Structures are given as C-alpha cells and as structure tokens.
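Asks: Residue-level listing of the chains:
Number of protein chains: 2
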Amino acid sequence: MDKQDMQYPGSRRIYVPGKLYPGIRVAMREISQSDSLFPDGSAESNAPVRVYDTSGPWGDAERSCDLQKGLPRLREPWIASREDVKQENDGGPLCAAREDAPPTQRAYALRGIITPEMEYVAIRENLGREEAFKAIYDQFPDRKSRPEGMQMLLDELGTGMPAPSELEKEEDFSPASLVARNDLRQGHPATFAKETQNNCPSFYTPEFVRDEVAAGRALIPANINHPEVEPMAIGRHFLCKINANIGNSAIASNIENEVLKLRRAIHWGADTVMDLSTGENIHQTREWILRNSPVPIGTVPMYHALERCGGDVRKLSWDIFRDTLIEQARQGVDYVTLHAGLLQRFVPFTVKRATGIVSRGGSIIAKWMLLHSEENFLYTQWDEICHILASYDVAVSIGDGLRPGSIADANDFPQLAELEVQGELTRRAWKRGVQVMNEGPGHVPLHLIPENMRRQLEWCYEAPFYTLGPLPTDIAPGYDHIGGAIGGALIAQRGCAMLCYVTRKEHLGLPDSEDVREAVVTFKLAAHAADLAKGHPAAQLRDNALSKARFEFRWEDQFNLSLDPQKAREYHDLTLPHSGAKKAHFCSMCGPDFCAMKLSTDLRAAFSSRPRTSTDNANV
Amino acid sequence: MDKQDMQYPGSRRIYVPGKLYPGIRVAMREISQSDSLFPDGSAESNAPVRVYDTSGPWGDAERSCDLQKGLPRLREPWIASREDVKQENDGGPLCAAREDAPPTQRAYALRGIITPEMEYVAIRENLGREEAFKAIYDQFPDRKSRPEGMQMLLDELGTGMPAPSELEKEEDFSPASLVARNDLRQGHPATFAKETQNNCPSFYTPEFVRDEVAAGRALIPANINHPEVEPMAIGRHFLCKINANIGNSAIASNIENEVLKLRRAIHWGADTVMDLSTGENIHQTREWILRNSPVPIGTVPMYHALERCGGDVRKLSWDIFRDTLIEQARQGVDYVTLHAGLLQRFVPFTVKRATGIVSRGGSIIAKWMLLHSEENFLYTQWDEICHILASYDVAVSIGDGLRPGSIADANDFPQLAELEVQGELTRRAWKRGVQVMNEGPGHVPLHLIPENMRRQLEWCYEAPFYTLGPLPTDIAPGYDHIGGAIGGALIAQRGCAMLCYVTRKEHLGLPDSEDVREAVVTFKLAAHAADLAKGHPAAQLRDNALSKARFEFRWEDQFNLSLDPQKAREYHDLTLPHSGAKKAHFCSMCGPDFCAMKLSTDLRAAFSSRPRTSTDNANV
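Read top to bottom, the protein sequences are chains A and B.
Taken in order, the first sequence gives residues 163 to 782; the numbers are from this note's numbering.
Taken in order, the second sequence gives residues 163 to 782; the numbers are from this note's numbering.
Here chain A stands alone, though its shape is the one from the complex (with noise of 0.2 angstroms):
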C-alpha cells in the first residue's frame, strides 16, 4: 500500500499557526466543495470544511516519508527549550533533569505555563473555527450581503449551537410555534449541563487547555523521547477520542503489517494505538511503531515483562517489570496501562462470576498473585512507578483487570471495588506530576453505563475515562464493533474522554486491516455522534455541509465530507454506476419521480421569493 491509496479524494492538509508559539503548524485536513448551482444559472459557493486529521506526516501528499527513517521529530525543538531534561548516562534518550520538576505536561500547567503542546491542541480542538469564521466575516462584514448558507455557518461557529432560522423571525408565523420551538432550542445547553457534565467551551484557548491538564480532567499524552507525537488532548471537554490496538501475537501477524495498520487506524481516524503484542520481537515492533507514529502509544508493559519470563507467571517479579516499564519509557510509550487497582483480596470474588476475569493483564497479576500470596506488586510498587513514568511523561491509564467479560457480570462487586482503588491510585500519580486516565468496561447493558461514569467521575476526581465498548449484550460475535460502538456513544455523550474500538472479530479472532478500518469508522461515527451531543462548538460543521451537499446532489462533495468517502462512493456506484449519474439530480432510492429531495427543491421554488426561482414554479 503506497502514499497514494492513503489520500482522503477533494482534501489538502493545510497547517494553522500557533499565536503564542508561531513555530507551532497544526496539521488539519481541508475539504474543498463545488459551488451550489441554482436553477437559474447562477451559483453560489461553499466554503471548504476543515476537520481534525491524525494521519501526521503520512496524511500530507506533499510530504515523503520513509518508513526505515520515521517521522520528522515534530516537538524535539520544544522539549529542549524547556531546558530541564537531560541525555541519560548512556548517552541515549532523555529523561528528567531534576526529580523535584518533571518534564510533564501536568507539572508545567500546575506551575501556570502554557506549552506549545497546550497551544496546538487548542487550534486542533477549534478546528479551524476561528480561521472559517474570520474568513466569512472578512469577506461580508455587512450581514445583509451575506449569502444564506454563510449567514447560517457563522450562527454556527460563534455560538456552537445551530443557527435558529431566519423563518423564526419572519411576521407570519404564529407566536405559539415560535415559543415552542425557541424552548425547544433553549433547552439545549441546560440538558447539557444536567446530563452530561460535559459541556465544551464555545473556543477552546490554550488557557483552557492548561487549565483542564491542570485539574486532571484532561491529559496531553506525549513522552519526552516521542518528539514525532502531534499532541492532542484527552478529556471530556474535548472532542471524544479513539483508541485503535494492534500489535502481533504469537498465533500471526508480523512487524510490516503492524505498520500498516498503524498508518490504516490514523488514516481512518485513530487518534492513539496501543501495540498489544505478545509475540517475538516485542522491542523492535514497538521500535518500528512509535518511529513513525504521529499520534501518542500505549502498551501494556505486563505483556513484555511476562515474554521475558518465557511466559511462565511464576518468574515474574518487580525487578522483571520495573526493568521492562523503563526500557518502555525510555523507548518512548506515551502512555502504559497498568493493572494496579486489582487487588489480592478482590480475587476470590471473581471465581463464581459468570465469566471471571477477561483481561489479560488482569489475569496475569492475579494468578502471580496467587502463585505467591503477595499483594500486586504494581500497587505495592506505585509510588516509584509514578517516579518512573514522570521522569519520561508517559501517562498511565489504570487499567481495569476486573472489567466485566459479560452482561451477567456488568457493574459487580469486583469491578467497582477496583474502580475505588483506580480513584486513589490516581490521586497518588497527579501528586508525583504524572498525568492519568482510567480505563473501562466491557461488558455492560445500556441502563447500567451511566452508572459506571458516575461512579468514575466520581471515585476518580474526573479523571479522563477510557473505555473498551462498552459492549451491551453478549450475543453479538461478528458485530460486536456495532455494539461496542452503541455502548461508546452513550458513555461517550456522558463523558467518556476516549472509546477504545472494538473490532468485529473480538471474541473470534485477529483483526486484518479492513476489520481496523471497519472499526475505527464505525467508532470515529461513535464519538462524533457524542460530540454533537456535548455540544462541541465545531462538531455539526460537518454534518451541516454534508446535508446541504445532500440536498443539493453535489454527489461529490456528499462522498467527500463523509468519514469514509471510498465506501460512500463504491456503494453509491454499486446501483448507479454511470459518472452522470453523480450529477443526477436523484438517486437509485426513489427514482426520478418518487426523490423527496427534487420535489423539496420544488417546493423551495414554489415559496422562494428569489428571483432566480420565480421561472420554475410552472415546474413544482
């Protein structure tokens, strides 16, 4: 698979400067239109939609990379200004300079200082909002002059909410419509506030985002030896994130593939990869990955300590893994996720559980912990794993061992006894300096996933949460991406910060690359969904212009605004094959004379006062 067929069809990148740091360039895509052709002739044109992008370098068509060199070390210039990291004795990566100031974002936005990273997640979060909207006002300063749709776009982008019609305003509709459905618009922002918690700002300033780091409600994961990273922000005032896995296990796949899939997943979307492999070669996979790699990884270090010991859980001790987690953060793992709210006493609940425990982290430390009736020594130890991670800026993300593997099990005494635990080990990390998130469930029916964020954002002090799914029922194998997707959604639009993807081979096998393609859509659909939701102000940009090319049949603009245009585009062809047939002003639906579009444009005509329309009311 070359460059090429990794091209979004009718998109450039284009770069944002920063304003604090005009070094900084934030990578996004721009999503050209075609004018709106009217029936009189004339045209009017659409302004071009900008969207978030975390295909980095490999996503830019004017730019070469090479897999054997890596990426450009996008942020080695800002890490070295800060001055307070050094090279290691051995002469290799960085590490902290001094115990008591560790280089991570968390430490910086406690002591007030806005980092370039901080600056480019706020104009990456903005979308390119403040740019759109200048550019509008620039061009029509007088409101009257503007065109409907611009008028209608700049309604959206300074208050984030939809533009309330100009039909509202107009005299000849009843005062009871319009108070019913202003309440009805009104009413958005309060359930904001009261179902979600989650309100997003109207702009998103790199005072915010420091501010949000700094209360831990957000976590900018970027380790000091992963300068290739884009930064981007995890949290629940943010746009919702994704998480793709790949990485090789002992039964297939290989280092190229696993490439691929990382370039496919930030193709697609992903906006981390966590490389879960267990097989041979664990470092150099790892070393292949994050070399080129734009977007932050995470690991679960367990896995390479556990292949160390040949496997057997018996050998496993402190040393094994405290080795393994520095060779990881030196490495240049920005974030790990670490079991260490599973504890030895938590164990026997799970036995008569409908299907124990499923996570293979989890399982690892309970077994070595019933080999040798010890506590969990990732608990036990985490005061200097904290000390560890601060040292590099990798975060942690607790993870949740004792997630339920089932519907029978959602929202036990194991898994919520873990999530107190996950609360206070949390704390424990913000002291060191070390930024965290909490991972998930699981297996969890929809009437109880609110409960989960409550308790989270709760027993966790808001805390950014990451979940797997959640599924909400068992019974679907082979579409258990589409209910992790449903599961996703729901937490997401509560909170969640990141849903990590569920493929449609969980519970049945590998996933090849199309399965990640698969997934990571059907997720990215998951968290916009949810993002619409919590009323991120650039969010329905999107959605807006897609409809109106709907409507207008610009066929291609409709494929090309749309998460997946190649998928758009092939089942489009699949029943109308012919070019023409992407001007047509219908589709195979309805037909020529049943298409609700055309005789809605009629009707337009009909009630339109324009002059452009008057000649074709003989038509409606």
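Keep in mind the hints are simulated off the structure, nothing from the lab.
Just so you know, these numbers come straight off a predicted model, no measurement behind them.
A couple of the hints might just be wrong.
The list makes no distinction among identical chains, and a pair is therefore deemed to hold if it is satisfied within one copy or across any two copies.
Mimicking DSSO-like on lysine-lysine, the simulated pairs with C-alpha atoms at most 27 angstroms apart in a straight line are [unchecked claim]: (1) LYS760 x LYS477; (2) LYS248 x LYS514; (3) LYS248 x LYS593; (4) LYS729 x LYS760; (5) LYS231 x LYS477.
Here the structure of chain A is known, so what remains is to put chain B in place on it, guided by the hints.
Replies: Structure of chain B alone, referenced to chain A:
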C-alpha cells in the same frame, strides 16, 4: 437460495401449545448446547435456549414450502370462528360483517375478549420461559441438588434479573462491600421505572396482552385477509421489534428478488416487513410477498396511488387514493403508513430547513397540497379512512412526513407540529377501533432523542412509537446502519416499540440481500440491547448462555447462540481454520500463554472446593 441455506446450525423448530386455545402452536427456535466438560472428566449438561423466531414455516426444516402456493393459512379457523366477517359481494376477500363491530384486535380487546392472536403473542413473548422454568424445577426439586448453572438460570427465570451471586451470601466478605453491591442491584428496577417508563412484566399472560392492546399501548397487526401471519405485538412493554424495508423501484430489482429479500429478512429476524415498491407490477409483487409472509406486511399506499396517476402528482385525488387503500386492505396488508398529520400550514416552515422534506410520502402530499391549494386529503378524509382500515383490521402507522433529514433540522417546529397532529389522529382512529402506531424520525442528535420519545408518549397517548433509526449524525454514509443502531438502541431503551432498519446503503443506493442481512442483524442487536436495558424477563438468558459457552471454550455453542452464527464461525475460521481449534481452550487473540479465560479458569479451580478441581491446584 434453497431452504437449507436458511437454517440455523444446532437449532430446531419447536411449537409451544396454547392453554386457552390448545389448538394454537407457537413457533420458536430451540438452540441445543453441548455439555460443559471439567478437568476431572465430569460433565454438566446445558439446557437448550429458546429464542424468538420470525422465519415462519420457511424456518421449519421439516416443512416444505412452495413459493407458488404460499404459506399455510394459520389464522383462517380463528377468523372464521369469530363469525363477524363475511365474504365481499364479489365473492372476494373477507371484510367486516357489521359496521358497529369491526373485526380488529383492538375492538375485541375493548370488549374484554382474549383472541388466539393474543394468547399466541403472550406465549411468544415469554420465549418459552415457563417451559424452561418447569423443566428445571421438575428435574431438581431440591435447591441444594441443583447444579450451579441451573440454579442461576432458575433465579433469572423467576425474577427476570440476573441472579445475585451465591458469593454474596458467604460470610467472609465485608458487609460494606455487600451493601454497595446490593444497593446497585436493587437500584435496577427503580432505574427502569424512572428512566424508561418501560417496565416489562415478569411474565406475559394473554390478559396482559389484551389489556395493552385495549389501552392502545400495543398493537397486533393482522389483517383478516392475511391469515398466513403469525401474531406478534408491537408495544413498549414487549420485546422491541424491528422492521425491514424491501420493494422494487423503477431503477432496479424484480419480484423474485423481493420475495428472497423477504425470506432473508425474516430468517435474520425482521419482525415486520414493509413493501415499498414503486415500480411496475406493484400489486403482483405485493401479492407474492403477502402469500409468502409469516410476518405482518406494511405499505405506503401513496406510492401505489401515484403510480396509478403515471407519477403525476397533479392527477392524484382522494378517489384514486381510496380505491388503492381498499385494494391493499382487501389484499391483506397488515399496516399502512399514512402521512395524514402533514398539514398545509406546516409546509412553508420546511422551505428554509437544511434538508426540506425528506419523506417520499410526505413530499408527494406536500406537492399535491401546493398544486391544489387544498388541505391534505388524508387528514380531511381520516374518518372514512379509519372505517376502511377497521373493516379489515388494517393497522395504521401514522407517518412523519416532516421528519428531519439532517441534524440541523432535528426537533424543529414542522416536525413537532406534525407530531401533535399525529396524536389527534391517533385518538380518532382508536375511536373507530383501528390499531395505531406513530412513525418517528429520522436524523436526531443523541441529546435530542429523549425529547422525541417523551413528547410522543405524551402527545400521542402512549401509542407505540416506530422510528427510522434515528441517525445521530449525517456524516456516515456507508455506515448509516450503525448510526441507526446507536440512535435506535437509545430510543428503544426509552420506550420506542419498533425500529425501522437502516441499511449501509442508506442515502447511497438500493440494498442487496447481504445489506439486508447486515442491517437486520444490526438492528436485532440494538433492539436486544434495549430489551436487556428495559428488563425484559427473558432477554438475558441468551447472553448468559453464550457467555458461559465462551468462558468454557464451547466454540460451537458460542457460534450457535449468536445472532449470526455463520458470520461468527467464518470470522473465527479466518484466523484459526482447523477444526481442532473449535475445541481449543484458547483463541487467536491472545494465544495459549496469554489467555485470560484460561488463566481465569485456573483461578476458579484454585479457589473452588469442588473435588473435581482440587487435583488441578498444582497447575495454576
């Protein structure tokens, strides 16, 4: 595709007899399971699982079906025995014998009559739970002697809730833990009541079914001229149902294809099917579908009426429409979508919408009103329409012609204004004895979905709600089935009674039979997730059985209990194709050394006091 292709592996058709009406035999599918095998060589049997079956005689391997002859006329004797219908003057179909006593399930229910249809529904909704309960109870009358899995099953059968683990009752666990857990458990029923207004009874009786139908909270679509139908109920206190749309259009498709789509749709689990044909041979296509369908068939008669006018909306009239409606009612259509709530005065409000009117039926009637400057004849002729419908027990699905076609238009004035009129029409139809449901959106962001459900329940007097999705975003063409499942699960949890499927070809092209499969299974997943969340007493049995099979590495059982066994098996085989892998105590995701399930089984053995596992302690 022959009959053999549409059988489920490891399954057989069973028939459960009625009690009030011993002659009725309710069709179900029973999935057999293999024994659980333990390390000491002992075994434990696993009860077969009964699941809802929509495939009718087509799904009974022991019955032969002939497309040309149609299905057996199951309900013929029931209808005849009521002695309230006569053959029409031309010797054709049946119709009401007396004007004051329409032969509708609603009218019977209001008179206190329990029909065979109602008892059929009651038995069907219990999913054979009564039988399963009895079998276990008879086999192991003494609680102590019951195998653990069976006791758990029994507890669930009795209460509809997951059994509290035996573990909680043991003494060596802290009271605080137990309080926390019990608190959570006991919270469930209250949660249902408050959040969903949607409690399911712990057991379905024919009386309950009758009362729900009488109250208008449920309907049993069953035209007296569609005796082939196996009765089913649509209502929020029952299992959530799904509808699949089929139908040829001017662009593609043919009759044989449509019947195949019907068979495929009901094989995968569609509870009703709508024939939305708009091309030639509308009547004949419908005839083939009706005579071969064990599920209720719905239509949008406006499409046929317009076809009669050569596609010219100008020529449309009440007379033409009435004749079409009567033709379809006589033919046996079980429910019809009528866009009667779309009033003339609402149309101008749609002009400045982002996507105008996107309903085909809605745009046809809107255009007619515009051309004729007259009120919607479906509204003005409502009483006569209801009279026609009541004479054949055709249920009405009051359409939402102004449903939002984009996120920008969600919950706007035209949509809600029409919903209010739907409520008025509901009451008037009920007075005529007609069974009613209301159609709902469409494109709605997640945070506005509850509002839709709440207003529909309030304004339409708790008549069943039947939604198209809703889709929580516009940007996912190619994945709209997944968006629809997200919105669908959410609204079904809150009381939506039936979900109309959305295929991945939505907005792009016509679905083929593989798209139908994908969409039906996806919406089954969503509906099932909602059933779990609203506490349907039998919904979780299948999840529990599948999870137990998964935990015990009974791969074949795991596949067979899935919504789509073929796909589950196919995905498994892609990574581990050898038949030996079906018995392996690990899978491809983690490999033998990292298997959480296996480690967890070892843990269980270590903690268990059962003799058969004590010998394994050395191996954990």
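Asks: Each hint: holds or not?
Replies: Taking the hints in turn, this is what the structure says about them:
no.	hint	result
1	LYS760 x LYS477	between (71 angstroms within a copy, 18 angstroms between copies)
2	LYS248 x LYS514	neither (51 angstroms within a copy, 61 angstroms between copies)
3	LYS248 x LYS593	within (23 angstroms within a copy, 83 angstroms between copies)
4	LYS729 x LYS760	within (24 angstroms within a copy, 39 angstroms between copies)
5	LYS231 x LYS477	neither (37 angstroms within a copy, 71 angstroms between copies)
The structure fails hints 2 and 5 (numbered hints given earlier, in ascending order).
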